[in-house]
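Asks: For reference, the chains in residue letters:
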Amino acid sequence: MPRTPLPIYVLLALGAVALAVYPLFGDVFYVRLVAKVMVLAIFAMSLDLLVGYAGLVSFGHAAFFGVGAYATAALIAKAGIADMAIILPVVLVAAAVAALVIGWFSIRTSGIYFIMITLAFAQMLYFFFHDLPFWWGADGVNLPRRGLPRLAFGDTVILDLSDRTVFYYVALACLVLAFALLTIILRSPFGRVIVGIRVNENRVRALGYNVQNYKLVAFVIAGTLAGFAGFLEASRTAFVAPAHLSWHESGLVLVIVLLGGMGTLYGPILGAFVLVMLEDWVSGITEFWLLVMGLFVILVVLFLPNGIAGLVSTLAQRLRPPKPDVGKPVEREVEAADV
Amino acid sequence: MRAGPIGMDFSYYLIQILNGVQYGFLLFLVASGLTLIFGIMGIINLAHGSFYMVGAYLAYWLTGVTGNLFYAILLGVPISVVLGLLIERFGITFLYKRDHLYQVLFTYGLILVFNEMRSVLWGNDVHGVPVPDLLSGAIPLTETQSYPVYRLFISLVCVALAACLYLVIQRTRLGMTIRAGASNREMVQSLGIDISRLFAVVFGLGAALAAFAGMIAAPVSSVYPGMGEHVLIISFVVVVIGGVGSIKGAFIGAMLIGLTHTFGAVFVPQAASMAVYAVMALVLLWRPQGLFGKA
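If you're matching them up, the sequences are chains P and F in order.
For any residue, its number in the working numbering is found by taking its place in the first sequence, counting from 1, and adding 561.
For any residue, its number in the working numbering is found by taking its place in the second sequence, counting from 1, and adding 42.
Don't take every hint at face value.
Beta-carbon label-pair distances, calculated as ranges [to be verified]:
hint: 1; chain 1: F; residue 1: 121; chain 2: P; residue 2: 846; range: 29 to 39 Å
hint: 2; chain 1: F; residue 1: 328; chain 2: P; residue 2: 703; range: 38 to 48 Å
hint: 3; chain 1: P; residue 1: 846; chain 2: F; residue 2: 128; range: 19 to 29 Å
hint: 4; chain 1: P; residue 1: 846; chain 2: F; residue 2: 117; range: 34 to 44 Å
hint: 5; chain 1: P; residue 1: 809; chain 2: F; residue 2: 313; range: 16 to 26 Å
hint: 6; chain 1: P; residue 1: 644; chain 2: F; residue 2: 128; range: 54 to 64 Å
Residues from chain P that face chain F, not an exhaustive set, calculated with beta carbons under 10 Å [unchecked claim]:
hint: 7; residue: 667
hint: 8; residue: 693
hint: 9; residue: 735
No wet-lab data here; the hints were simulated from the structure.
Ideal Cβ positions, reconstructed from N, Cα and C, are used throughout, including at glycine.
Go ahead and model the full structure; you've got the sequences and the hints to work with.
Replies: And the structure:
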């Protein structure tokens with residue numbers, strides 16, 4: 562796996578700074594849109610851990626996003642709890658349990674089966690929230706903005722997510738933290754094994770690793786992070802509906818991962834930015850913006866299989882003067898074929 | 043209604059069984075194409091449900107134009123086949139050597155395109171399609187209960203189609219090639235069979251079956267925007283239960299899901315949609331590769 566090059570880290574740090582100062586002068590509408598992008602980026606990063614690193618193409622990742630959102634909504638609207646110290650653990654445990662159960666079934670299969678089974682389980686959860694009267698039905702539920710999650714220490718409120726500025730910075734901090742967390746996980750021995758499974762599962766098994774357990778743990782980590790993104794989304798919009806875990810949502814987040822470039826953690830962030838901005842732009846021009854999105858997805862698949870991140874690294878390689886002894890042409894071909 | 047005398051109970055359950063079987067047959071038409079396209083072409087085609095939707099909208103439109111569902115089907119099936127062949131030739135062809143992920147996303151994009159085209163051409167309203175006069179009657183079962191002739195007609199047509207499909211696949215040279223393609227694509231290719239033509243035939247056949255299912259289902263289910271996706275996901279479940287590439291599996295899976303769905307709606311209406319997936323999970327616990335899938 563190619564390591565993220567240093568210039569990219571510099572650019573990412575600059576990007577984080579830019580995001581931090583943007584609300585100071587940015588248009589309110591676009592500041593809110595950027596908050597949406599950041600939540601989606603965390604969601605997409607969690608999926609990238611599965612698709613881009615572990616090689617598990619999950620087509621039901623929105624299930625955990627939805628579980629996180631519904632757990633948040635249930636605590637706020639049913640129990641009247643707004644304390645983040647209670648909401649967050651519940652959300653994370655709920656998403657992790659859902660991921661454990663669904664993952665336990667799904668990782669027994671691979672390839673086409675895995676895709677279809679994750680989709681089917683997500684659909685099952687979709688109907689769970691859609692059909693049972695306890696969960697407010699098809700229209701979802703509006704949460705009272707005053708009841709949105711907050712973190713208080715005694716009587717002093719430290720973080721109040723109903724304040725949009727506070728939410729923006731919390732989301733930004735979470736995005737940076739999620740990026741750091743996933744980077745650490747992927748550099749750990751665990752992460753090496755996960756990547757090894759994608760490249761050659763049999764060899765990893767022959768080395769004595771219990772491949773299924775590693776896959777399951779990766780699935781649970783990804784599901785839990787997606788649930789956390791769902792918590793953020795519920796806090797951002799103060800609205801939760803079955804659409805959060807529809808298969809369109811699962812497809813959309815896969816598109817984001819591919820568009821940005823899978824197998825890189827910054828790819829999903831770029832993908833979320835480009836897709837949301839494109840959606841905003843195109844839907845302002847034409848009523849039939851989904852047609853444009855559909856064609857766009859098709860073109861990306863055909864012409865940009867490694868996403869924006871792949872495009873950037875190709876351009877960077879062209880700009881760099883060729884080194885004299887990079888290796889014989891044959892070796893380079895082998896490397897290229899490995900990608 | 044269920045508290046009535048035994049005879050009435052029996053006919054009530056008979057109606058449910060007939061409904062479940064009829065739904066199962068429709069699912070089989072869609073799922074058999076899906077499983078063949080997986081098994082032979084190695085393509086995961088999310089846009090398969092769109093053919094079902096297109097079929098239903100063609101039935102609605104052409105019935106309006108010609109005044110009869112039968113004419114609509116006669117005109118609509120060739121249109122769907124042409125549409126399928128065009129999509130195979132100018133879209134799916136690029137995906138044969140690509141990872142499943144790209145196939146999923148490409149066909150996901152196709153669904154968006156299909157849905158928007160439908161919205162442009164026919165709008166977003168729910169439409170009804172009249173049952174042909176010839177089949178509009180009902181067969182009385184008891185004094186109060188009867189079964190519509192048209193639903194019976196759907197089941198019979200599907201039985202006939204399934205039988206044809208079975209004969210074509212088991213008894214003809216084309217079927218032999220299809221079966222060979224499902225078990226070893228490279229070998230078929232190296233024996234000099236034009237694999238790209240075979241792929242086109244399979245894709246066209248799948249599109250025709252799905253569109254036909256949408257057409258005959260239109261008078262019963264009505265015609266609405268999300269119908270393709272609903273049937274697609276249930277067909278996925280059918281294929282997973284039956285085993286990828288197995289027509290027999292698709293048939294058993296379709297019946298199982300059709301009956302589960304119908305009886306689920308009778309006994310546990312709140313959880314009927316979930317019951318289908320629970321059945322899938324149980325089957326997978328027992329056989330992860332599906333009932334008739336290759337290990």
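Asks: Next step is simple, just say for each hint if it's right about the structure.
Replies: Each hint, compared with the structure:
1. With their beta carbons about 31 Å apart, residue 121/F and residue 846/P fall inside the hinted range of 29 to 39 Å.
2. Checking the proposed 38 to 48 Å range against residue 328/F and residue 703/P shows it holds: the Cβ atoms sit about 43 Å from each other.
3. One distance hint, 19 to 29 Å for the beta-carbon pair residue 846/P and residue 128/F, holds here, with the actual separation near 28 Å.
4. At roughly 36 Å, the beta-carbon separation of residue 846/P and residue 117/F lies within the given 34 to 44 Å, and the hint holds.
5. Evaluation of the 16 to 26 Å hint for residue 809/P and residue 313/F yields a pass: the beta carbon distance comes to about 23 Å.
6. Between residue 644/P and residue 128/F the beta carbons are some 57 Å apart, a value that agrees with the proposed interval 54 to 64 Å.
7. Given hint, residue 667/P at the interface with chain F, holds; its Cβ is 9 Å from that chain's nearest Cβ, closer than 10 Å.
8. Given the 10 Å rule on beta carbons, the hint for residue 693/P holds: about 6 Å separates it from the nearest Cβ of chain F.
9. For residue 735/P, the interface hint is violated, since its Cβ never comes within 10 Å of a Cβ in chain F; the closest pair sits about 27 Å apart.
When each numbered hint is compared with the structure, a violation occurs for hint 9 only.
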